[in-house]
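Chain residues, written in single-letter form:
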Amino acid sequence: MDHNIYSGTADYLVSDDLRNAVNIAMALGRPLLIKGEPGTGKTMLANSIAQALGMPFIIWNIKSTTKAQEGLYVYDTVQRLYDSQFGENDVSDIKRYIKLGKLGEAFSSERQSVLLIDEVDKADLEFPNDLLWELDIMNFYIPETGETITARQRPVVVITSNAEKELPDAFLRRCIFHYISFPDEEMLASIVKVHFPELEPNLLAEAMKAFYWVRSLPGLLKKPSTSELLDWVQALVVGGIHPEKIVSEIPFLGVILKKNQDFDQVLKRIHSAGGVQRQTGWTAGKKYL
Amino acid sequence: MFTGFFYTLKEEKVPVTPTEWMTLMEALNRGLSGGSLSGFYYLSRAVLVKSEAHYDRFDIAFSRYFDGIDTSDKLAERVAGWLEKSLPPLKIDPEHRKFSEWSLEELKKALDERLKTQDGEHHGGSKWIGTGGRSPFGRLGYHPAGVRIGGRSNNQSAVKVAAERKYRDFRNDDTLNTRKYEVALRKLRELGKNEEVPRDQLNIDKTIEATCRRAGLLELVWDRPRKNTVKVALMMDSGGSMGPYARLCSQLFAAASRVNHFKDMKFYFFHNCVYERLFNDPFCMVRNSVKTTDIIRELDPGYRLIMVGDASMAPSELTMVGGALDWGVENDETGEVWLKRLSEHFSHCVWLNPVAEYLWPPPGERFYDTIGIIRSIFPMFPLTVEGLERAIAKLKVNR
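Chains as they are written, first to last, in my numbering: chain U, 5 to 293; chain X, 142 to 540.
Since the hints were made in silico from the structure, they are not lab data. Given the structure is predicted, the values throughout are model-derived calculations rather than measurements.
Each computed BS3-like pair below joins lysine-lysine, with the alpha-carbon atoms no more than 27 Å apart:
{"no.": "1", "chain 1": "U", "residue 1": "LYS67", "chain 2": "X", "residue 2": "LYS347"}
{"no.": "2", "chain 1": "U", "residue 1": "LYS67", "chain 2": "X", "residue 2": "LYS404"}
{"no.": "3", "chain 1": "U", "residue 1": "LYS71", "chain 2": "X", "residue 2": "LYS368"}
Extracted from the complex, chain U is given alone in its bound form (with noise of 0.2 Å):
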């Protein structure tokens, strides 16, 4: 497999250590584990994996009520009853009823694929554990057909995680594991030019000066990440503002900020320019009570 070497794409700017890793995991054929802030491109690399490998790429987007199995198969016993009753259809053929689920399709697929399980940490706490060992010997069988499903090519994995669950250690074991950390500014920047080429460089230097800016401020809830930045200096590029003030009035704040809290916590700090108050604890508190 040496000569899929993955390098990013045009459009997802890649760090030295992420490419290592995605290239580390493709080689030992594990599930690759991406953890990192929201907003840092986690879902956008499995994307940008597949189109640069040129492979088909799959999402299996994970909620809370996702089960294992329905990733493997699931067996339409409603439609195979209807059909018995009504149907034009041969009951007797139970392979008709078997539909695959998204690792199912991922392991038939002809060519090899890219599966990208989005926030696995959203399902049960037994998921992915659940999955290790379809993932491990990559087949599967379906005793209702009496069939096995193998994969004709092991499917780069790619699991993205929110942190909003401890993943099980036996599952931790078996992934490479790596964390997008926020960009520094010369990587945010770079970022930021091949979304906005035209962009003028007055404009990135005064929007990236706000935008780390607001980062900086003690106690945001929720600190905008990369996403946050590309849609705001989209706005601002829509909106026709000056650079002159988009440090001074923080235009169209609430596309960087989402969360009320923060939102009046930096107005407050833009009006009341250098007398900034500072939040004693136990009043920050009081909102929850």
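The hints should help you fit chain X onto chain U, whose structure is shown.
Okay, now just chain X, sitting in the frame of chain U:
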């Protein structure tokens, strides 16, 4: 090879397991480290470390173990001339990649010696420093455990990268943010023991499935509900000496109020120490208070009690009748008696202390500090994310 590194990681409390170590060996055998120390840094980190909270410890362990194999500029300059001309990369027989036979010490020694004896360029051989050869030293060549010398000038050495400790902020023994507390608090759960409750919840999916399998003959499937049965009582000190920790405590408080997965959650406040009354808000006014004995009666022993406070006060407040700081408090019994009463009533309880752990006197120490006394009554943990996790592990099991 590098087995010492494994133990260095263990010493720095990075949770590595032999399984992961074997994966690393497999990766090295496939040459995934690219033969350079920085390649090895990223490779071993990706394979061995499974949480950003451990990145910093990994960095510390790495720089400790590999300190001194600095591929320094001086060395690089001296050898750079020899490396200028390159041969095409070599392919190597997998059999030759036996890592176990190479130790770092030997390599370093050998490199020193060879630098002393080698007098010029050398390419394609198997001993001298050069390019494209099989010697352990040089560039673009293949040696199973070689030391790469130099590289492009902008190339940071792995030891240097590790020494920067960029991930210091992610340590979970630092006090972090509300979200981290929330995640930690969520671990405190006990899904209802299936045997205790009746099967009274209709499982619709399974019912449909079972019915269809029986060709439409209705079959109902019942489940036992799974609910968190944990109840929590949180008592926080809002006294004067807690001032410096107010932000920390309000973060914990915010997290605890947001986590709504407990069956019940009660908040109480006290001023320095618990006496006859507990207060419903941090202002600790008598008109908004409840009798501590009422609370003990009302809350069954199954409530998990989390006390938060610096446990630092004048010893008299704890050990003397009438020692309470506030005038309004009757205080016929000592604070110590009240604390013991609480810890005896609740079968699971912990004390979270924002004062750094290394400053605590040992439990039972009565002379210098009230922390020692309180430690002998409550199991005490530092108010950090890691401390909270330890506390919660403690709250899960009966004493």
